[in-house]
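Student: The primary structure of each chain is shown beneath.
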Amino acid sequence: MNGGAVGTGEAIVFWVSGTLAVIGALGMVISRKAVHSALFIALTMINLAILYVANSAPFLGMVQIIVYTGAVMMLFLFVLMVVGVDSSDSLIETIKGQRVAAFLLGVGFSILLIAGIGNGLMETSSTGLDAANAAQGGNVEGLAALMFGPYLIAFEVTAALLITAAMGAMILTHRERWMPKRTQRELSQERFASGAHPGQLPPPGVYARHNAVDTPALLPDGSTSDISVPEPLRVRDDIRDVDPAEIDEVRQLSADTSVEDDGR
Amino acid sequence: MTDGQFGLFGTDPWWLVIGKAVVIFGLLVLLTLFTIWWERRVVSRMQNRIGPNRVGPQGLLQSLMDGFKLAFKEEVIPKAAHLGVYWIAPVISATAAFIAFAVIPFGPTVSVFGVETPLQLTDFPVSVLYVLAIASIGVYGLVLAGWSSGSTYPLLGGLRSTAQVISYEIAMGLSFVAVFIYAGSMATSEIVVAQQPIWFAVILLPSFLIYVTSMVGETNRAPFDLPEAEGELVGGFHTEYSSLKFALFFLAEYINMVTVSALATTLFLGGYLAPWPLSLWEGANSGWLPVVWWLIKVQLFIFVFIWLRGTLPRLRYDQFMKFGWKVLIPAALVWVVIVSIARLFRNDVALSNTELLFIGAVIIATLLGGSWLLSARANRKEQRRLDAEAENARRVNEVLTGAATGHPVPPLPGQRFEYTPRRAAVTTAEVSSSQAIDADAEEDPHG
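Line order of the protein sequences matches chains A and B.
Be aware that the first sequence starts at 0, since it is given in numbering that gives the first Met the number 0, and climbs by one per residue.
Be aware that the second sequence starts at 0, since it is given in numbering that gives the first Met the number 0, and climbs by one per residue.
By construction, these hints were calculated from the structure, which means they are not laboratory data.
Treat the hints with care, since some could be wrong.
These stretches of chain A come out as covered by chain B in the derived footprint (C-beta under 8 angstroms, 3 or more residues) [what the hints assert, rightly or not]:
1) 36 to 45
2) 74 to 80
3) 102 to 111
Glycine is no exception: its CB is placed at the ideal position from the N, C-alpha and C atoms.
Please work from the sequences and hints to get the whole structure.
Tutor: Here it is in structure tokens:
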């Protein structure tokens, strides 16, 4: 910022978003459920994006939300939900000396980070984001001028790396087909050509006195349909007989109504 | 913003900012109530019914009453629900739906109690990206609702909605690129002004069509409403929600409809600018009148949503994803390349007619060559299919005994297993009948 002056609004945004971002980061480490961790890190990302916007880098803020919160974290969540990592991980050390190593690495990383930021604050004189943005006529224009100017090669190489990774993922999940995939039309043609029953099998008959699944359905001509009885019963020949008087009655009814049916 | 580029934005007094926010909130709630009624009436008319016509004039208050009823209903929370996430999910959904509207321009600069101000809550250089970002936060609501319900159908619905919204957001984002190139800005207010002589829907028709398709997918509306496909998933992600929480999801869905319609209006139909014959009249684009044009255009899109719902059956999920990834995204990419090249030639390269003709000839030759290659590929594919069929026909009477090759392997297409009777009681006739059924089941290992 110019001269280091921070407006009241910006200060409020910083303290609110900064606090939430830290809470999110802590929650991500502390929470025991994988999904909760993912949600906490999403909270951190969103609050960082708000800070970016408040610091005159609106493009970075929006892209952070779209790419990281919207796509990357979402895919993480997706995997967590599909795999069903619900139970908390065991807290017993699985790799020997892991905690000590993690602690040392953490301390080293913090020293590096503090030194880097301190160096940036003390040694380098900054022109301020407002001036940098104004140089090219805006934040987005300034980013574009850098990205497609001095850093074009780096940008393209990163893109190539990402494409390679995507191709690798596709090759790893690739499955060879035995034969060309059959279309819906071909499948339906086959179904009819085979002469087997093309659709759902008819459900068992349900009558006033028998509603068990071993009761066959009655066809309009009064005969019974054996395929309406579930296969295990059919194989054991456990099909209930239908009273011939009922069949006659149905036949009589269908004969009576056939004229009206034609009329419709 | 201190850019100066955004003139009056960010200079509003505090009471005006709050006033605008409250008006937008009220407008969205009213539009939701209206849209629900409007949808029910229009769909009814399309289905030869009358629709709600009892409460209030023409049934206009029906959705208000339904809202009251919904709010006072008993709330049922599943025992397996993850409570915190279960509570926050509808809130995320509804909040995201409301705040996306902050950058939508309703009209030009007007005077409110002596203060000159644009009819838009705020604007900044990347406001269209802001809408995309908020939409992607809104999806969290659906996904978390699905996961936290602790039930299978909502989980499947939530997963479907993630996959769907991420896929269609790519096509949607790509359709914006051409607009950004032509408007020279990503700020909504500037995009509207850039459409002064002619709307982007006319000069960027492919972008417009891609956006309109992907916006239906993005809002989970018919025919792309797979996350809540009743026939397959009961109610999808909101199956386990009831009472006010369900109402929030309902509200979010309808506000999202209004938001994507408003964005379509802003990016492609000239926002609040008057349509053609009216735009000849000087006063049509100033003062409060443009709000009317804006409202009419948004309602037009909402009518299209309703029309689609009344007309089209739901897509199958795999066909829907294939459409998004293999049709919409490539089409959008090709169109972006065409637009960029055209723009480059117009801006930087001065070409003679001979050169233009030459370039045209090269393009046509490339297209012809490409189509020839494609047809050759189709022929090869057909040949492969016929070969595979012949191979299967050859195999059809082969019986695969369990371990003929020394190791138990699954049957190739066309082969069938030798049936091993499991019970002594089974007679031969029954064996052959159940064998036929087994063969049916094995015929298509990939479903």
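Student: Looking back at the hints listed earlier, which ones does the structure fail to meet?
Tutor: 3
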